[in-house]
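Protein chains in written order, with the working numbering: chain A, 1 to 73; chain B, 1 to 295.
Simulated from the structure, these hints should not be mistaken for lab results.
One should not assume that every hint holds.
[Unchecked claim] What the simulated footprint calls covered on chain B by chain A, stretch by stretch (three residues with Cβ under 8 Å from a Cβ of chain A suffice, anywhere in the stretch; the number is not a length):
| id | stretch |
| --- | --- |
| 1 | 74-82 |
| 2 | 195-201 |
| 3 | 224-236 |
[Stated by the list, open to error] In silico contact screen, one side only, chain A against chain B (beta carbon under 7 Å); selected entries:
| id | residue |
| --- | --- |
| 4 | Leu29 |
| 5 | Asp51 |
| 6 | Glu52 |
| 7 | Ser62 |
Because the structure is a prediction, the values reported are computed rather than measured.
All C-beta atoms in this analysis are idealised placements derived from N, C-alpha and C, irrespective of residue type, glycine included.
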Amino acid sequence: MKVRLHHPRRVLEIPGRQRVSRILADLGLDPEAFLVIRGDALLTSDSEVGDEDEIEIRPVISGGWADGAPCAA
Amino acid sequence: MRRHRAAYCAPHFLEFFEAQVHRALTTQRMLRPEERILVAVSGGKDSLALWEVLLRRGDDTTGLHINLGIGDYSRESRARTEEFARARGARLFVADLREEYGMDIGTLAEASGRSPCSACGLSKRYLFNKMARDGGFTAVATGHNLDDEAAVLLGNLLHWNMDQLARQAPVLEQTHPHLVRRVKPLYRTSERESAAYAILRGIDYVIEECPHSRGARSLLHKGVLNSLEAASAGTKQAFYWGFLDRLAPVIRAGGPPALHPCRQCDQPTTEEVCAFCRMTARAAARLNARTPSLP
Chain A
1 MKVRLHHPRR VLEIPGRQRV SRILADLGLD PEAFLVIRGD ALLTSDSEVG
51 DEDEIEIRPV ISGGWADGAP CAA
Chain B
1 MRRHRAAYCA PHFLEFFEAQ VHRALTTQRM LRPEERILVA VSGGKDSLAL
51 WEVLLRRGDD TTGLHINLGI GDYSRESRAR TEEFARARGA RLFVADLREE
101 YGMDIGTLAE ASGRSPCSAC GLSKRYLFNK MARDGGFTAV ATGHNLDDEA
151 AVLLGNLLHW NMDQLARQAP VLEQTHPHLV RRVKPLYRTS ERESAAYAIL
201 RGIDYVIEEC PHSRGARSLL HKGVLNSLEA ASAGTKQAFY WGFLDRLAPV
251 IRAGGPPALH PCRQCDQPTT EEVCAFCRMT ARAAARLNAR TPSLP
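With the hints as constraints, model all of the structure from the sequences given.
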């Protein structure tokens with residue numbers, strides 16, 4: 001499968017059929033901090049991703065902060 | 001969604017998210033009838049998700065995007081925001097820091113001796129209030145979410161920033177005629193949920209991060225809270241909502257600080273001259289001192 005990642009942008013090739021939870025764990029990514037997208041659908045942690053699939057792993061954590069207040073969103 | 005012990009299909013998740021925003025607006029009495037709302041929109045997932053929900057509710061909203069002059073990041077942020085507004089026929093104001101004050105955030109931060117996040121936060125808070133007041137808006141809505149608020153709360157507690165703790169709330173009331181009320185309708189929802197909502201609604205938001213936020217302490221605190229959340233779902237919610245229910249009323253018992261108009265710009269401040277005017281004056285003085293004088 002093709003896996004698109006951000007920060008920095010890159011594409012990885014991962015062989016075989018795998019669950020989303022396993023893919024994130026193998027890449028050392030916190031499931032709370034990422035969403036996994038296939039096409040226009042969000043995948044849950046127990047979803048299976050096939051060898052021919054292309055997925056995007058998108059980070060969801062953002063923002064800096066200073067002076068005791070968050071970066072104004 | 002472990003903290004809710006629930007799993008939703010896409011249509012029901014969208015319904016859930018919008019209901020959470022509606023609940024925040026009603027339980028915290030964020031909006032009054034006929035409210036004219038200025039929505040602060042960066043082009044990121046949270047602010048665009050918020051604007052989408054408010055537009056769908058039929059609220060009277062206008063977007064405000066501030067061009068901070070941070071290279072490609074600012075160009076992309078502005079383009080996504082303008083495209084969002086255009087596609088929905090929504091009103092959008094764009095303020096340009098360089099055009100208004102002669103400096104982008106990088107220059108302002110460096111010349112004033114502040115960190116970029118500090119200069120940015122101060123500039124945005126100042127411009128949100130100024131633009132809202134000048135435009136006759138009665139509320140400013142920002143996309144701060146549960147993760148933002150929980151991370152800031154952790155930081156404020158670690159350093160016992162009592163003044164900041166007293167001001168941390170989903171609604172910052174108008175305590176001076178020159179101060180426009182600020183509301184945070186996403187305080188009940190996580191940033192993961194904001195991102196999921198934006199993706200499912202087909203919102204094309206900026207994924208890239210502000211280059212100045214790399215290594216920010218807030219991201220460290222968010223990581224710590226996410227580790228706690230992974231071990232015990234609902235921790236972030238219990239932490240922040242518990243603060244609002246139990247500690248915030250005690251800290252605020254002394255009442256809000258006395259505000260009066262800034263001697264230079266008329267914006268509300270606790271000092272004689274507001275922090276924004278002091279920052280821009282300091283930066284301008286340093287830049288002028290560096291410019292070689294002509295013979």
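>> Which constraints among the numbered hints does this structure fail? Numbers only, ascending.
In response: 1, 4, 5 and 6
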